[in-house]
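Participant: Chains A, B, C, D and E, in that order, are what the protein sequence lines are.
Position 253 of the first sequence, counted from 1, bears residue number 252 in numbering that gives the first Met the number 0, the numbering being contiguous throughout.
Position 59 of the second sequence, counted from 1, bears residue number 58 in numbering that gives the first Met the number 0, the numbering being contiguous throughout.
Position 62 of the third sequence, counted from 1, bears residue number 61 in numbering that gives the first Met the number 0, the numbering being contiguous throughout.
Position 164 of the fourth sequence, counted from 1, bears residue number 163 in numbering that gives the first Met the number 0, the numbering being contiguous throughout.
Position 142 of the fifth sequence, counted from 1, bears residue number 141 in numbering that gives the first Met the number 0, the numbering being contiguous throughout.
Any given hint might turn out to be false.
Each pair may be met inside one copy or between any two copies, as identical chains are not told apart.
What the hints assert, rightly or not - Result set (DSS-like, lysine-lysine): computed pairs, CA atoms no more than 27 Å apart in a straight line:
no., residue 1, residue 2
1, 203, 69
2, 37, 69
3, 37, 12
4, 37, 18
5, 162, 178
If you're looking for bench data, these hints aren't it; they were derived computationally from the structure.
Single-letter residue listing:
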Amino acid sequence: MLVNCAAYQDGRKLGDIRKEEISEYVRRPECFVWVALKDPTAAEIDEMAGEFGLHALAVEDAQHGHQRPKIEEYGDSIFAVLQTLQQRGEDMHTGEVDVFVGRNYILSIRRDTEPGFAAVRVRAESEPELLRNGAGFVLYALMDNIVDRYFPIVDALEVELEKIEERIFGADSPRANIKHLYGLKHQLMVMRHAVEPLIETIHKLYGGRVPPVCHGTQDYFRDVYDHLLRVSQQLDELRDMVITALSVNLSMITLAENVLTKRLAAYAALVAAPTMIAGIYGMNFKHMPELDWTIGYPLSLVVMLAIDA
Amino acid sequence: MLVNCAAYQDGRKLGDIRKEEISEYVRRPECFVWVALKDPTAAEIDEMAGEFGLHALAVEDAQHGHQRPKIEEYGDSIFAVLQTLQQRGEDMHTGEVDVFVGRNYILSIRRDTEPGFAAVRVRAESEPELLRNGAGFVLYALMDNIVDRYFPIVDALEVELEKIEERIFGADSPRANIKHLYGLKHQLMVMRHAVEPLIETIHKLYGGRVPPVCHGTQDYFRDVYDHLLRVSQQLDELRDMVITALSVNLSMITLAENVLTKRLAAYAALVAAPTMIAGIYGMNFKHMPELDWTIGYPLSLVVMLAIDA
Amino acid sequence: MLVNCAAYQDGRKLGDIRKEEISEYVRRPECFVWVALKDPTAAEIDEMAGEFGLHALAVEDAQHGHQRPKIEEYGDSIFAVLQTLQQRGEDMHTGEVDVFVGRNYILSIRRDTEPGFAAVRVRAESEPELLRNGAGFVLYALMDNIVDRYFPIVDALEVELEKIEERIFGADSPRANIKHLYGLKHQLMVMRHAVEPLIETIHKLYGGRVPPVCHGTQDYFRDVYDHLLRVSQQLDELRDMVITALSVNLSMITLAENVLTKRLAAYAALVAAPTMIAGIYGMNFKHMPELDWTIGYPLSLVVMLAIDA
Amino acid sequence: MLVNCAAYQDGRKLGDIRKEEISEYVRRPECFVWVALKDPTAAEIDEMAGEFGLHALAVEDAQHGHQRPKIEEYGDSIFAVLQTLQQRGEDMHTGEVDVFVGRNYILSIRRDTEPGFAAVRVRAESEPELLRNGAGFVLYALMDNIVDRYFPIVDALEVELEKIEERIFGADSPRANIKHLYGLKHQLMVMRHAVEPLIETIHKLYGGRVPPVCHGTQDYFRDVYDHLLRVSQQLDELRDMVITALSVNLSMITLAENVLTKRLAAYAALVAAPTMIAGIYGMNFKHMPELDWTIGYPLSLVVMLAIDA
Amino acid sequence: MLVNCAAYQDGRKLGDIRKEEISEYVRRPECFVWVALKDPTAAEIDEMAGEFGLHALAVEDAQHGHQRPKIEEYGDSIFAVLQTLQQRGEDMHTGEVDVFVGRNYILSIRRDTEPGFAAVRVRAESEPELLRNGAGFVLYALMDNIVDRYFPIVDALEVELEKIEERIFGADSPRANIKHLYGLKHQLMVMRHAVEPLIETIHKLYGGRVPPVCHGTQDYFRDVYDHLLRVSQQLDELRDMVITALSVNLSMITLAENVLTKRLAAYAALVAAPTMIAGIYGMNFKHMPELDWTIGYPLSLVVMLAIDA
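Using the sequences and the hints given, assemble the complete structure.
Facilitator: Here it is as structure tokens:
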């Protein structure tokens, strides 16, 4: 579905344009076109590939979806794949945003990703002096928006871990704890796979030789990199604590076994000896002098109590 | 066994040729020869080594088979070893494809690998503008085909793990779970050893100094690299979860011990005290006043029930 | 809150200046301005950003706080983020110090950090020959002060671990040990995240191309790096021992189970056999010759004792 | 002990020479001398050091033995230390081969290593066109021979692991399994320390700047490197599986505990309740109506059976 | 305390000199001064700092002690920190040697280190052709001596581990084993921290750009590096085996639990069923025909024995 299609010049929006006009505007060196698709059909992507002249391999990736995050250069254009994340119950759901960036166009394709990037357009259009940097700045604004969405999710996972920790040390519901920790580990892994490949690849946009479309915005991409590192650090931290929590939970379970066995042993000590004594005086030997003693019975009870004490 | 032997020019097939004609066609600078062997004898390999003038060390590797994946340059030719994988029951079976690539020839030798690469030939011949890149493009098409075969296997392993996970949290058949997880770990390792060495070595074909036969197809080899990274990421993920699942399974077993011991303790508590009381009133002391009470018996039963409650 | 605002020339303090005069002094090439803020409002930061002409992205980071430690260059100025640490009970509390350094200014913003850096000012002003190096030397003095505050904290954690170790091998309070070790691991992680990112980034200030403001003070920044490595080494050591201590604690718990089960088995052995013998002679068979023996009763007791022995 | 001492020219053996003639032949630029010592005395090494003019530090290493594998350059000569391995029962025995290579000599010293390198001499002399490369090719032939001896050993360890795996999943002899796995781990470590340092160092002989004596044989040393990588991969695989097998064995032991406790609980359930009922009807109360019932006894037995069912 | 203070020229000792003469000899380009301090006071270090013109930061480190091993260059002089180790009972004690090396002086300061370096002086003076290399060679001789002292310590730890291993597999004293393994791990860590930082830093003295004072002795420093690698490899090996031994010990403890529970179950099986049968025939029902049988009693005993068998 075509969500947006507009032309920009000197950091200001010229206006919405029709799909058919794209290639015309792309030919003008002083302006750039910004197109956004949402869960597009193969035909829609092919149409755009034609208008913008996109590389076949990148288009194939965009058609298939489910790529790992990456930033690839094809000649003087960039193909970026980003993952969006959404926590649904105990599952971490992955969406995808593919971005094609050329000298004077940017095409974003989002899949399974809500909300959209209207906020990014509003922000970009409100800062014309930055938007003047062209398609490279729009790429930054999109990436920044996607990465900023990671923070509340990782914070939510942190809160979840804290809840489980409390239950662990309260020796509470160990079975559920194991399951939650395992689920948490899985979610962290999904997140990690959205973040790590991006960290490895984003340096191309701000360090060393930078693609021409990103000239002038290096400091901004370094800022995204820094945010990614923060998320990554939190993920590492959480992962490490989840593993430790799993092992701590096992220790608590083993400890609970100790308590149970101790109780069992105490019980045995309390009941078994009196039972034995009662058994002895329940024997039917003819000649058991104690049985005739008047104090025999109370004495035997006293002995039982004495042993238990 | 010779599976295929054809000459190509300008991206189009000239026709099948006889083995004896190979060296003649190889000498023509404007065309290239594509030969495919399947589980060949040593003599067949030696024959090809003569026709193409292959390096002794590479030929030795191809004769022995069971190499680790690698891409080596001998002068201006390339020797690539790839592993194919097949899941047979709980085993991961490894096949091998050795590829010799020169400026105007490509020789592929497959072992224990089904299906063959007829599909690769069909694809390559249907894209003459790409096939025009020569032997380098054929190498890409072979690698792409082999790597794409990894995806359904790793997906199958993922499904297997999910099944085991369900059984673990259902505290179901822990012994079988351990065995399956161990088997899964083994399969992941076999896969990993097909994938990882290739990742380390494939960059030679698209980054930095690229062998002449791969000129013009760098973007394609980078695409294979990207696919390998995706497989590798899934393998890492699975491996990590298998290890965690093993430790979770141990926790569940320990937890089951708790439940058993708790039941044992409950049982002891329920039965041992009444047994002791019954023992006491089973003693044969002459002077046990309670024994003469009419309510002695029901009272003792009530006491037993009261203790159990 | 503005804590300090002074101008320096030739390594000596010219005197305190008013906020409004800052930009005036910054314009003089031969002197530098040193400003310190404490938990400032957004307005205060914006005011300083105006006076010093700070980069928007760095200012944004300083506004938000909660950054990971880093040292970034913006043109010929430096933006450094450092974390301060404070142990409060079982929690490791994190404060933050943001430092903007230019050719002739240094602006430090501290948050949640006590005590302040009065000691740094005193030290710097007492060494005019070093202070002559300008803002770069002040940056060093601040970093050195912050890093030196890490040592007593890591030493305190070391002492805590030693206390827990003693309790572990005394088989004392295993539940509390697990909790303390887990807490310790958490504190180590917080510390680690203050130290590690700094180690990765500080080399920019003494090795290879060094920012102009740090010229002449490279040996000093290398010294800070060396101190960071020492802290980092201690943290690694502690982390490793905490993990081992957790596993050792689990071994001790499992061992305690052995002791309990052994006791249970001993108890059973002691009591069960006599109970069985007593039961046998408690049977009501008419024809049990032993019952009529005079030595039947004492003999049975002797047998019971003999079995237990 | 001097095993061999011969001179070569143009890839062909000139003949055996006397020790005293060595320095004379070494001086001739067109030929090279190949000397092999076995478990030599210090004096024998010193004598050779004099004939060949070896570096004092390298000679010292050769005297002491027990070095880690390495390849060091001293001026334009090479000093290589290799480890040979031999499985003796459950121990992995380490031998050592020290090789000094100069422009026109090669001296190999083997210790605790059987069999010797007669096969290497035969092979080298049967390929004069390769032997023409001089001392560098002999170094390759020696290394190739030593590395090829690693394969059967690592395969044997693999078979051992498979045997232990079977026993683990058959819940068979857990104590012996632990011991074998521990021993296996130790053997893998010894092997690893023969292989890993060599991998790190061998690249000097084929990549980047190559020592003059190895010119023309780079492809061969890369082949050795490739073989080492294969061994190393198998070792890593084995090590990983041994660790997992150890943890799986622990899981199986814990699981066996479950089975035992379950049996104990079943036993208690089966016996304890009837014992209690029997105890109740063994009480001596005067007024126990059931005792007078004719069906009292069979009824009580039926109740006991009913409970057990 | 001043241990030694002598001047050398052309590899030969000129004679002991007074402290006050140091700066005079240091000024002569053709000779060098060798001073050794032991546990010096701050004043003694300051005095030397003055005589040799040492850098303030290095002097500060030497005053404080307890540095991590490092080799730093200050201008054309070197400051090296080395750690000496001593096993005292179950503790690994750390001493420190700080060395200042300039073009024509070497100052060593040892703390908590016995024995001293008289042997180094004897060795150096006995090899004038090497001592002619000047202060750089003395630095090597000191480092070589310190590193050689690591070998017997790591060997002793190896012997300790072997003793513990025997006890583990003999299922002997598991509690003590845990404690010893934990202690061993701690000692390994202390050793590791003496060795690892040195490995990272020593390459400066033999590879790439080498400080002028080390020219001509690169091969010797590479030899020290090689020795450090050997120690490091042994430490890694030991650490890995200690961790495995800890987990093996846990497995043995869990296995012991199995044995105990099995014994408990056997006991219950042996005693509980006869006790139940005895209980049944101890019931007081009027109508229990078996009680009147003459073979009732022996029959019941036979049944009990039959069940136990």
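Participant: All the hints need checking, so say for each whether the structure fits it.
Facilitator: Outcome of the hint check:
For the homomeric pair residue 203 and residue 69, the shortest alpha-carbon distances inside one copy (11 Å) and between copies (19 Å) are both at most 27 Å. With identical chains, the CA atoms of residue 37 and residue 69 are at most 27 Å apart within one copy only, with a shortest distance of 20 Å there and 37 Å across copies. In this assembly of identical chains, the alpha carbons of residue 37 and residue 12 lie at most 27 Å apart only when taken from the same copy (21 Å versus 42 Å across copies). When the C-alpha separation of residue 37 and residue 18 is checked against a cutoff of 27 Å, the pair qualifies only within one copy, where the shortest distance is 15 Å, while the shortest distance between copies is 51 Å.
Proximity of residue 162 and residue 178 under a CA criterion of 27 Å is satisfied in both settings, with 13 Å inside one chain copy and 15 Å between copies.
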